[in-house]
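Chemist: Since chain H is already given, all that's left is putting chain Y on it; use the hints.
Read off the chains here:
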Amino acid sequence: MRILVIEDDRATADYIAKGLREAGHGVDVARDGKDGLFLALSESFDVIITDRMLPGVDGLSILRALRAAGNATPVLVLTALAEVEERVAGLDAGADDYLAKPFAFSELRARIDALTRRPAGAAAEATLLRVGALEMDLLRRIVKRDGAPIELLPTEWRLLEYMMRHAGQVLTRTMLLEHVWDFNFDPTTNVVEVHVSRLRRKLGETPEGQPLIETVRGAGYALGRRG
Amino acid sequence: MRLPRSLALRVTLLVAAIVLLASALGFGMAYFGAVRLLQHQLDDDIREQAATLTDEFRLFGVEGLRAAIEARALHAGPEGFSMRLSEPGREASFAGRSFEAPEDLRGATDLVQPGGRALRAHGVALPDGVVLVVVADLQDLRAAARGLAGLLAASGVVTAAIIVVAGLVLARGLEGRLARISAAAGAVMDGDLAQRLPLAGRGDELDRLAQTINHMLSRIEALMATLRQVTNDVAHDLRGPLSRLRQRLEGALAEPRAAAADQAVLEAALEELDGVLATFAALLRIAQVEAGTRRAAFAALDLSALVAAVVEVYAPVAEEAGASLTARVVPGVRMQGDAALLRQMLANLIENALAHGGAGVRIGVSLMAGPVLEVRDDGPGVPAAERARVMGRFYRMDRSRATPGAGLGLALVAAVAGLHECAVVLGDAEPGLRVRVAPREH
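The listed protein sequences derive, respectively, from chains H and Y. Just so you know, our numbering puts 129 at position 129 of the first sequence, and the rest follows in order with no gaps. Just so you know, our numbering puts 304 at position 304 of the second sequence, and the rest follows in order with no gaps.
Mixed in with the good hints there might be a few duds.
[As the list claims (entries may be wrong)] Which residues of chain Y face chain H? A partial, calculated answer using Cβ under 8 Å:
1. VAL276
2. LEU277
3. ALA278
4. GLU312
5. PRO316
6. VAL317
7. GLU320
8. ALA340
9. ARG343
10. GLN344
11. ALA347
12. GLU351
13. LEU354
14. ALA355
[To be verified] Here are some chain Y residues the structure puts well away from chain H; computed CB gaps all over 10 Å:
15. LEU25
16. LEU223
17. LEU242
18. LEU266
19. ALA423
Keep in mind that the hints were calculated from the coordinates and are not lab data. Backbone N, C-alpha and C define an ideal beta-carbon position, used for all residues, glycine too.
Pulled out of the complex, with its shape left as it was, chain Y reads as follows:
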């Protein structure tokens, strides 16, 4: 037999089967116990009859016993008992309905009469070959047993019916919830990423499962949004340099071939392409950082040493550019993180200050316990209204259009900070820009 494909129905049927089996077992035990009890009672009654008659024998001899039996026969037999007295050399005498029983019957046993009547018999051997047999009809007992069996079977059927009906109702409810969850999941599959699975509000296993799936969906939605954003950004910002490249090559192709001019065009084209590739690499890196997969590679690191090393690399660079770079680093600041990304984050912040701080900019890097990292410069700064936007991809303030870079530096800083559960806050260094990276407040 194939089980139905509904989980709830299957569980219901299984529970029903188990309950039925258990109740059949219980009812069976009750039935057989009751029948045995009745049988014992019947045996006791028979034995008591036999004992009474044996007492007659002991007091009045076989004559007395025979008289007692005959007296009982006259009274049409005592309450369903029949008895037989056999004496050697005499016709057996009966009280009640006559019956057939073997002469050597001793103790209690079942007898079946030729007509099909079932009897319970008790045989007692008395001195001088006298045998007394007392029997009782089993009909009543059998009827009682049948009645009991019917009652038990009926209650079994009722129990089964209740279980199956209750199970079906429960299964239907469960199936309804599952169907709603399934429908919501289907909507997500069809592209409605904002769809969430419904909760019944009971906090049970299904609700918890739905909640977990909802968290997963939120994460997927965020990742998809990032992907869309990156795609838009790529389309928007790579088109510029690529069209310039195309125009340049097309223009060169229209000119007559001249080695020197071609050389210059090819070199310029290569440079433009390298810029596009660098932008590409930066975008991919930001996307990867934002996806959060790199958190698996986190390790304990000495942030103080890392900051000091990066500052040491950039101090001469600043000096050559006519700027200055100084640092105040509290030693021994440790954290869990990705050293390569943190190094790049700080490098981006310093390069950003060098690029946008203007001539002779003074840059100060400080690291405090927390960890709180600050890079401040005394350049023109960023107006409060533009601070949120400069953190995004490709955003460049009008006055920085002339400086090199694709406008991805701060976006990467924000992504790396986010990966490390930190936030980037831009402030006013009075004058200049102050970028502060510190753990997010919860």
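Same shape as in the complex, but just chain H:
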């Protein structure tokens, strides 16, 4: 993939660019808002990662200018300001995701994957989700594995729905907290682990004897990367 990184802090920009290049992506770096906006408008990228506060044109202005020009490239906003209203302002301006600094690189990579592999609009409104042997009927609120129904608690249902919508992607702890439970903070207890392991037990294992929900070491969880 071709990724544009707009970041004025050299160390952070190098850190992101290096990591993304190692993951096999092509990376362009812009050091200020003006260059960033110019590049974003004149060339084609799969994802744009922009800092919130930039010299010249700030991140949200770039975002608005891009969207006003009809450019729908997924944009991930990086910021040192993690507060909820900042997040809301970013999403209002047309950001697709929002990540607070400092972040783990695995978190950034998982979010980029989620952005670029997002289901198409039609799929987002689908009433039937299917991942491997799993089937979720959103209207009748039934989950089946190989045709056999599985009983889920409401919070487990939300977790599974989110994972099925993002099948094949690595989902980090923070992503699950934000999207499944609306938790914009980091709990000190193992909330995510507990719920994932409960859901995992209910879903069962693959024929090879591995759980359907896979733990990706140092990153998060994934569903549907194996049988």
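Modeler: Coordinates of chain Y only, in the frame set by chain H:
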């Protein structure tokens, strides 16, 4: 002309100018009215003289009239009136001082004599070409008018002087108050945040302004105190983990390089750093909540649903930890608030009970109308003497030093409750801790 830079002085001068203009207008009208009145009176007197003489003419003919005028001339003229009788083919006859007037003078008019004397004249045409002219001296009238003008001008000057003096006195008083306010504000600027603007106690606009500014200063002082507190806290509590991190890295650097050992050191360092960053984030969040800016984002929310959802998330967590979490939630409790913060507040309370309640702790969450939220556990509780302190930042009781966390959980709970006009009260659950969040009593 440049106006003076004092507001009070400027207002005074403006008022003085307006009053002077108004009184000049009033005095002018009075002056001209009075002069006209005098003039009318003079005209009436002249006309009456002329009418008397015309009656003589009508009764006794021109001879009678001439006789009457001559009789008046003998008496040295009647009270400032002079008159002239012109007959065709005869010398004009005068009574009083002689004067010049055109032969065809009819009606009332002003006459100026060659010597500069000003007269008021009234000419009457009688049959057979006889013309009677009666005049009166305007000197008296002019003198009266001048006297009146002088009087009016003098009173104008006195009025102006009074206004200016009164204005200056008032301006001085106002300037004094403003100067005192300015001095107090200057003291605040110089760092004395406890300084307040003086009130005159009159409840006027200046007092109200000073009061508003004083409220603002109190708010600023509180915010600065929070900032100082946070700075102290950061300095105090972040130094610990950062020094540990430094020692660890320094120690590792002194050792010979070994991949496995380095890996372990780096992982431990990363973990320590993540702890510091989490503490940082928590501090910033508390500070932001305490600053009260988030109140702008308040929205109506269903607190019952929010509490039930958080309990549902934590019940399995408690269960896995060998504890139990149950809830009694009255449905339909609604309030204005920040859902994200309230969720975190309740999560902190539950996690706090899980962390400090000991093995097998039983946690009960209840929500009643009010709204009153209670989280109780049957753990060791908090001694009454320590209850106020555990609400502060970084405070950790000795026995909880071993459990993870930076000691910020309850501080955030207190901040979020405060933002929502609620108070947090710690009590004894007999046994255990009872945390009650309820609206502040006013």
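Chemist: Next, verify each hint and record whether it holds.
Modeler: Verification of the hints:
no.	hint	in the structure
1	VAL276	violated (10 Å)
2	LEU277	holds (6 Å)
3	ALA278	holds (6 Å)
4	GLU312	holds (5 Å)
5	PRO316	holds (5 Å)
6	VAL317	holds (5 Å)
7	GLU320	holds (5 Å)
8	ALA340	holds (5 Å)
9	ARG343	holds (7 Å)
10	GLN344	holds (5 Å)
11	ALA347	holds (6 Å)
12	GLU351	holds (5 Å)
13	LEU354	holds (6 Å)
14	ALA355	holds (7 Å)
15	LEU25	holds (61 Å)
16	LEU223	holds (17 Å)
17	LEU242	holds (15 Å)
18	LEU266	holds (13 Å)
19	ALA423	holds (22 Å)
The structure fails hint 1 only (numbered hints given earlier).
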